[in-house]
Amino acid sequence: MNLKKNFKKIFFSTLVIILGFIHLIPIYISLTVSLKRKVDLSSRWFFPKEFYFENFSYALEKAELFLAMKNSFIVTSLCIVLITSLGAMAAYPLARNKTLTNRVVLNLILAVMMVPPLSILVPLLTIMTKVHGVNTYWGIILTLTTFNLPLSIFLYSNFIHTIPRELEEAAMIDGCSQFKTFFTVIFPLLKPITATVIILTGVGIWNDYQFSVYLLQSTKMKVVTLAISSFFSQSSSNLGAAAAAAIIAVLPVITLYLFLQRYFIAGMTSGSIK
Amino acid sequence: MYLKKLKTINYMYWPALFLFLGIVFYPFLHGIRISFTNWNGFSQNYSYIGFENYKRLFLDTNFYIAFKNTLIYGLGSTIFQQTLGMGYALLLNRDFSGRNFLRAIIYLPVLISGLIMGYMWYFIFQYSDGALNDILIFFNLDPRDWLGNPSYGVWIIVAVNTLQYCGVSMVIYLAGLQSISKSYYEAAMIDGATPLQQFKYITLPLLKPAIITSFTLNLIGGLKLFDTIKALTNGGPGYASNSLSTLINVSYFRSQMAGYASAMGLVLFIFIVCVTIIIQKKFTVKEGEL
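If you read the protein sequences in the order shown, they are chains A and B. Position one of the first sequence corresponds to residue 0 (numbering that gives the first Met the number 0), numbered consecutively onward. Position one of the second sequence corresponds to residue 0 (numbering that gives the first Met the number 0), numbered consecutively onward.
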C-alpha cells in the first residue's frame, strides 16, 4: 500500500515537472538566447558559461522600452477608467429598464464583440486620419475603449440583475435622484465585478497589437508590442538583444501575475461563465 | 414612482452608444461603401466599380488559401484546445502536490501578448540555429526549415496558439468540474460505473454549458487570429500561412488595395457572424434540459 502511494507521488511529481517545462519552453529558450553573446553559437538549450547582460541594456535603450512602457501604461490606465465608468453607467439602464429599444441597444452592443478588428480596419483608419486621431493618445484610447466596452457592459449588466431593486427604491424614497442612486448605491456594490473587468480588459489592452500598429505610427507614440515588433524586424542579426527585449516586455506581466494570480484566474472564470 | 423615474436613466448609456456609433457602426457602414470602389487607400480620386472586388475575391487563389487557413486556425486550435484543456482540468482537479504550480504555469501565457509569445517560439522553430533543429542535429538528423515550409507553418501556428490559450479552456472546465456535486459520482460508484462511464454519463453532460462557452470563445479567437501569424511566419512563405486577417493587412498596406481589403473585411465579418449564430442556435442549452 505504501509502495503504491509512493509510486503515485513520484508519478505526479514527474508529470508536474515535464508538463511545467513544456509550457515554459519558449520563455526558457528566450532567456538562454538573451544571455548569450552574438558570437556564442552553442545550443539554445543550455545557458552560457558566463551571463552576458549587455543584451538587456542594449534592448532597453535601442528599443526604447521605457518610453513604450510609459505609453502602454498611459493608454491602458485611461482605457480602464473609461471602460469601468462608461461600462457600469451603460449597463445600469440596460439591465433595469428592459424596453424594446434598450434590448435592441444591448444586443447591438454585444454584437460588437464579434467584430474582427481587421474587418473595419480600412474605414476606421480613414476616419481617424480625417479627424486627426492617428498618433494621438485619444485616438487609440477611444478605439480600444469602444472595442472592450461590450465585455464590460455584458459583465456589469449580468451582475446588476442580481442586485435587489428594493435597495434603489429605498434610496429614491429618501429623495435620491437616479444619478445619485447609481453612484451611491449601485456603483459601490459593483466592486467585485469591476476587478474582473479591469483584469480582463487591462490585459487585452496592454497586449493589443492590431489597433496600435495602425493608429500609432509615429515612433514617439509606440507601445510595448510595437516596440518589440519593430525591434525584432531590425535586429534579425542580433537575436540575443531581441530575446532580451521580449523578456523585458513580459517581465511586468509575469510579476503582476505572480502576486495576483488568484484574482486573474477568478476574473477569467467569472468572465467566461455566466 | 420607481418605474416613472426609470425612463430618465436611459441617458446613462448615451456616452457608450456614441462611441459605438462613431468607432464601430459608422466605420462599418463606410467600409461597405469603400468595398465597392477601387480606392487605393490614400489618393483623392477613386470610382465605384460595383461588385468587381467581390468577383475578384472568388477568383483569387490567395483568398482561398487564406480562407482555408482561417478555418484551420479556427477549428484546429479549438479542437486541440478543448481536448488539452479538458485533459488538464481533469488532471488538475485531482489533489496532488505541485497542482497549483502547474495550473499557474499553464495559465501564464494567456496573459502574454500573442505577438511576443510568437517571437519567443520563433527562437525554437527558426531554421539556422533554432532550438528544435538543435535537437535534430544532436540526433544526427537533417535540420528542417519549419517556418519556411508551407505545410508545417500553418500547423505550427495552430500548435503555438493552442499551447498559449489552452489555459483559458482549462480554467473554464475546472470551474465547471468544481460545480458538479460529488454525490453523483458516489451514486454512480455504488452502481458500479467505471471511471470512463462516469466521465461519459455524468461529467460530459454536466459540463455542456462550459464546453459551449469555451468552444465559442476559442473559435472566434482562432478565426480572428493575427498576432501569432504575424510574429511566426508573417503570412509566408509567399501567401501560404495567411489568414483572412493577415491577408487584409497585406492587401491594404503592401498592395494598396483598400477597396479590395474592405471587401475582404466584410466577408470575414459575415463569416464570423454566421459561425457564431450557428453555434448559438445549435448548441444553446435549453432550460430544463439538464
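Please keep in mind that the hints were generated in silico from the structure rather than gathered at the bench. C-beta atoms are modelled at their ideal positions from N, C-alpha and C, and glycine is treated no differently. Any given hint could be a false lead.
[What the hints assert, rightly or not] Simulated crosslink set (SDA-like; lysine to any residue; CA at most 20 Å straight-line):
| # | chain 1 | residue 1 | chain 2 | residue 2 |
| --- | --- | --- | --- | --- |
| 1 | A | Lys48 | B | Tyr25 |
| 2 | A | Lys129 | B | Leu89 |
| 3 | A | Lys37 | A | Ser232 |
| 4 | B | Lys280 | B | Phe268 |
| 5 | B | Lys280 | A | Lys129 |
| 6 | A | Lys8 | B | Lys280 |
| 7 | A | Lys129 | B | Phe17 |
| 8 | A | Lys8 | B | Asn44 |
| 9 | A | Lys129 | B | Asn44 |
| 10 | A | Lys7 | B | Pro194 |
| 11 | A | Lys129 | B | Tyr25 |
| 12 | A | Lys8 | B | Leu89 |
| 13 | B | Lys280 | A | Phe50 |
| 14 | A | Lys97 | B | Pro14 |
[As the list claims (entries may be wrong)] So the derived label-pair ranges between C-beta atoms look like this:
| # | chain 1 | residue 1 | chain 2 | residue 2 | range |
| --- | --- | --- | --- | --- | --- |
| 15 | A | Asn134 | B | Phe198 | 46 to 56 Å |
| 16 | B | Ile48 | A | Phe45 | 34 to 44 Å |
| 17 | A | Leu109 | B | Leu140 | 46 to 56 Å |
| 18 | A | Ser176 | B | Pro204 | 46 to 56 Å |
| 19 | B | Asp190 | A | Phe10 | 23 to 33 Å |
For each hint, the structure was consulted:
1. A:Lys48 to B:Tyr25: The hint is violated at about 58 Å.
2. A:Lys129 to B:Leu89: 53 Å, violated
3. A:Lys37 to A:Ser232: With a Cα-Cα distance of about 17 Å, the restraint between A:Lys37 and A:Ser232 holds, given a limit of 20 Å.
4. B:Lys280 to B:Phe268: Holds, because 18 Å separates the two Cα atoms, which is no more than 20 Å.
5. B:Lys280 to A:Lys129: 40 Å, violated
6. A:Lys8 to B:Lys280: 45 Å, violated
7. A:Lys129 to B:Phe17: Judged against 20 Å, a Cα distance of about 18 Å means the pair holds.
8. A:Lys8 to B:Asn44: Violated. A:Lys8 to B:Asn44 sits at ~72 Å, over the 20 Å cutoff.
9. A:Lys129 to B:Asn44: The hint holds at about 16 Å.
10. A:Lys7 to B:Pro194: Within the cut-off at roughly 18 Å; holds.
11. A:Lys129 to B:Tyr25: With a Cα-Cα distance of about 13 Å, the restraint between A:Lys129 and B:Tyr25 holds, given a limit of 20 Å.
12. A:Lys8 to B:Leu89: 17 Å, holds
13. B:Lys280 to A:Phe50: Violated, at about 57 Å.
14. A:Lys97 to B:Pro14: 19 Å, holds
15. A:Asn134 to B:Phe198: 46 to 56 Å: 54 Å, holds
16. B:Ile48 to A:Phe45: 34 to 44 Å: Distance hint for B:Ile48, A:Phe45 is violated at roughly 59 Å.
17. A:Leu109 to B:Leu140: 46 to 56 Å: This hint holds: roughly 51 Å between Cβ atoms.
18. A:Ser176 to B:Pro204: 46 to 56 Å: Check passed, 49 Å falls within 46 to 56 Å.
19. B:Asp190 to A:Phe10: 23 to 33 Å: 29 Å, holds
Checked against the numbered hints given earlier, this structure breaks hints 1, 2, 5, 6, 8, 13, 16; the rest are met.
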